[in-house]
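Q: The residues making up each chain are set out below.
Protein chains: 2
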Amino acid sequence: MLLLYTMKSRKFARRMKYVTMSDVSELLKWMTPDMISFGGGIPDPITFPDEADFNEMLTFLKGVKDKAFQYGKTEGLDELRVSLSKFSQKHSIVTDPENIIITTGSQQVLDLTAKIFINKNDFVAVELPTYMVALQVFNMFKPKYIGIPLDFEGMRTDILEEKLRKLYSDGVSLKLLYTMPTSQNPAGISMSIERRKHLLELASKYDFIILEDDPYGYITFEGDEPIRLKSMDKEGRVIYTSTFSKILGPGLRIGWIIAEENIIKQYVRIKQITDICTSPLTQYIAYYTLENGIVDKKIPIIKRFYREKRDAMLNALEKYMSNSATWSKPIGGLFIFVWLNNNIDTRAILPDVIKKYKVAYLPGDSFYVIDVRNTMRLNFSYPSINQIEEGIKRLSMAIMSYSAQEQVVN
Amino acid sequence: MLLLYTMKSRKFARRMKYVTMSDVSELLKWMTPDMISFGGGIPDPITFPDEADFNEMLTFLKGVKDKAFQYGKTEGLDELRVSLSKFSQKHSIVTDPENIIITTGSQQVLDLTAKIFINKNDFVAVELPTYMVALQVFNMFKPKYIGIPLDFEGMRTDILEEKLRKLYSDGVSLKLLYTMPTSQNPAGISMSIERRKHLLELASKYDFIILEDDPYGYITFEGDEPIRLKSMDKEGRVIYTSTFSKILGPGLRIGWIIAEENIIKQYVRIKQITDICTSPLTQYIAYYTLENGIVDKKIPIIKRFYREKRDAMLNALEKYMSNSATWSKPIGGLFIFVWLNNNIDTRAILPDVIKKYKVAYLPGDSFYVIDVRNTMRLNFSYPSINQIEEGIKRLSMAIMSYSAQEQVVN
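First to last, the protein sequences are chains A and B.
Heads up: the first sequence at position 385 corresponds to 384 in numbering that gives the first Met the number 0, and the numbers run straight through without jumps.
Heads up: the second sequence at position 301 corresponds to 300 in numbering that gives the first Met the number 0, and the numbers run straight through without jumps.
Fair warning: there could be bad hints in the mix.
It does not matter which identical chain is meant; a pair holds if it fits inside one copy or across any two.
Straight-line Cα separation of at most 20 Å, EDC-like style, residue types lysine to aspartate or glutamate; simulated pairs [stated by the list, open to error]:
hint, residue 1, residue 2
1, K141, D77
2, K16, E260
3, K10, E234
4, K308, E97
5, K143, E389
6, K66, E55
7, K66, E50
8, K10, E200
9, K119, D364
10, K296, E97
11, K10, D206
12, K357, D370
13, K10, E259
14, K357, D52
15, K165, D364
16, K16, D157
17, K61, D49
18, K196, D157
19, K296, E200
20, K355, D77
21, K162, E317
22, K141, D121
23, K196, D344
Honestly, the hints are just simulated from the structure, not real lab data.
Build out the structure end to end from the sequences listed, making use of the hints.
A: What follows is the structure, given as structure tokens:
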């Protein structure tokens with residue numbers, strides 16, 4: 000397109016300054032075939048329906064063609080909401096279908112939540128580190144952040160309590176707390192049951208809302224799934240969200256929210272003007288897989304498959320990096336978070352690491368609302384077991400080399 | 000769900016006050032089988048692919064399963080963007096695939112556009128009347144509106160010019176002009192070629208952006224499609240958007256934008272945090288239908304079918320309401336807009352009209368940024384020809400009865 004005129008940046012709204020391209024997209028541009036990437040967050044295709052199941056799904060679609068191509072209710076297909084209420088019950092959340100709204104992936108839940116709740120200068124509490132894209136979405140409405148550190152038992156609710164006391168004594172209140180209590184992205188950490196209880200007590204005492212983001216809660220690798228905040232919620236303060244992206248396929252773009260009716264109503268209002276409804280066609284696919292046990296059948300397969308990859312990465316880290324770093328031991332999810340012993344700026348060295356060592360990761364700094372530079376997020380769901388071993392070896396060599404340089408500099 | 004606590008409305012963001020449930024949803028609640036509704040805006044299922052085509056589509060999907068279930072690029076599938084650039088060329092817009100982004104319906108385009116461009120108190124120009132949901136989306140970011148009246152040749156660009164002169168002499172500028180130049184929703188009016196030229200001259204002179212919303216441009220009933228603003232745009236000021244909702248099926252939730260690279264880049268940034276990507280699965284369906292001539296084959300069928308319904312409604316209006324109203328003569332789209340001769344408040348009487356006369360319409364007031372009460376939008380795409388005749392008869396009886404009352408009152 001030949002253009003005589005170029006849009007001046009002053010034409011864009013101020014909020015666009017806070018919206019940066021995701022690191023993941025940037026990383027993809029540097030990909031070469033010999034590079035091993037731990038940077039993405041995409042599921043392995045093994046999680047998608049197999050051919051036989053997919054064929055049956057398509058046969059089912061033929062019977063609902065005219066409903067699949069028409070507008071659907073903003074709340075989502077009734078059939079899918081009923082299926083999800085049954086699915087939830089098997090996973091500890093008792094809910095009526097009316098308390099569920101279907102969304103266009105769980106990313107949309109962040110967008111809708113920001114629109115519904117966040118006024119400028121409202122206080123929003125997040126984990127340190129937290130899901131970076133949640134921060135970008137919230138930033139559009141300019142909240143103030145309270146960062147709560149994590150340790151290996153999850154959010155330090157004692158520190159949250161301290162900060163809440165301070166906040167309330169200053170006459171301000173917390174609007175929203177955003178947490179991923181199970182297999183957190185990026186840290187891969189799960190909150191202990193005691194901390195979960197404490198968090199709900201604090202929510203009640205200090206009257207705030209909790210957004211429980213649970214994309215990985217159904218693919219935990221050991222023992223029972225941790226009890227969900229929503230299933231402990233007696234006051235309707237918890238807005239629960241999850242997604243089909245990690246248990247069936249992100250290409251469907253189907254997530255869901257479970258919340259009290261009063262809150263669901265707000266989500267319906269705002270979703271209606273955001274994208275009218277989520278595709279009934281992909282909703283029918285999600286419905287079919289739930290009703291026909293395809294998701295239930297897939298979950299143990301996904302768990303086993305990812306557990307092997309997680310173990311491979313934990314073993315490789317132990318073998319190659321135990322002198323230079325500590326890392327999370329995720330009970331589920333797709334990620335391990337690494338804290339380097341030395342004060343290396345992982346963002347600054349990344350282009351060089353990619354070029355010289357042919358390995359990529361996601362710098363941890365974008366997951367923080369404070370300045371932390373010596374961390375990285377490693378994805379184990381997409382690379383093969385061999386790539387995991389080889390990639391961690393390369394990474395350890397890179398880190399050793401920069402550690403040596405840093406010691407010289409200091 | 001038993002709840003001890005109910006969310007207080009003070010917890011919601013202030014912007015939620017401006018987001019009202021669409022009239023359409025409210026109307027649906029009152030529907031009884033004997034009622035004739037002109038209220039909705041949903042396409043007739045005849046526009047959806049027939050069974051044979053759908054079966055072939057599903058066979059095609061089998062070959063792309065693992066890509067259909069995976070995350071896709073935020074910009075959209077490359078294949079679909081190439082198909083759309085070819086489709087656009089046949090419809091007067093010459094564009095590279097790189098100037099296209101796929102969106103989750105064209106409703107999402109309004110959301111993304113508001114996020115990208117509108118700061119609080121920015122001036123946005125809209126038609127009187129305009130698409131009410133666009134207003135709701137823009138309202139989230141609190142712009143100031145300039146309303147430009149329509150006549151039967153579309154937007155009164157002479158009045159726009161006057162208002163621009165006044166605005167600029169006050170030292171402020173127009174950020175964005177939102178228009179649906181062809182078969183406008185709700186008014187069913189199309190802008191004349193002279194007005195289109197004048198609008199672009201004004202955009203250049205006064206340096207503003209035009210969002211050209213074109214959901215109905217491909218299903219015009221007579222002669223050639225009116226020339227698109229985008230195809231007359233030499234300066235990259237026009238952001239063009241359309242959708243598969245009216246030429247294939249809204250259930251796919253696929254729309255697209257054509258704009259200059261600099262602007263597309265902003266849409267990609269903001270879409271990435273809004274819903275990551277549009278479903279690759281439904282994108283593959285859209286791609287398949289374009290590549291295999293299904294859309295091209297459908298368009299004349301849809302045109303013929305809707306033209307008959309439009310004619311039925313125009314004839315019924317002529318027969319029953321020529322003494323009580325005037326109305327638009329749409330060259331395409333799904334709607335006729337009615338201006339009543341008497342000053343009847345169409346919103347106030349609606350519940351009564353539905354109950355007593357068993358006919359529904361959409362009150363026109365929500366389409367205006369000024370106070371206009373005696374208008375209504377009538378949909379002709381969904382009701383049958385018989386329902387159209389009978390419904391307009393009922394409507395005329397209702398209007399006659401209220402006109403008589405009004406004359407008594409005045």
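Q: Which numbered hints turn out to be false for this structure?
A: 1, 4, 5, 9, 10, 12, 14, 15, 16, 19, 20, 21, 23
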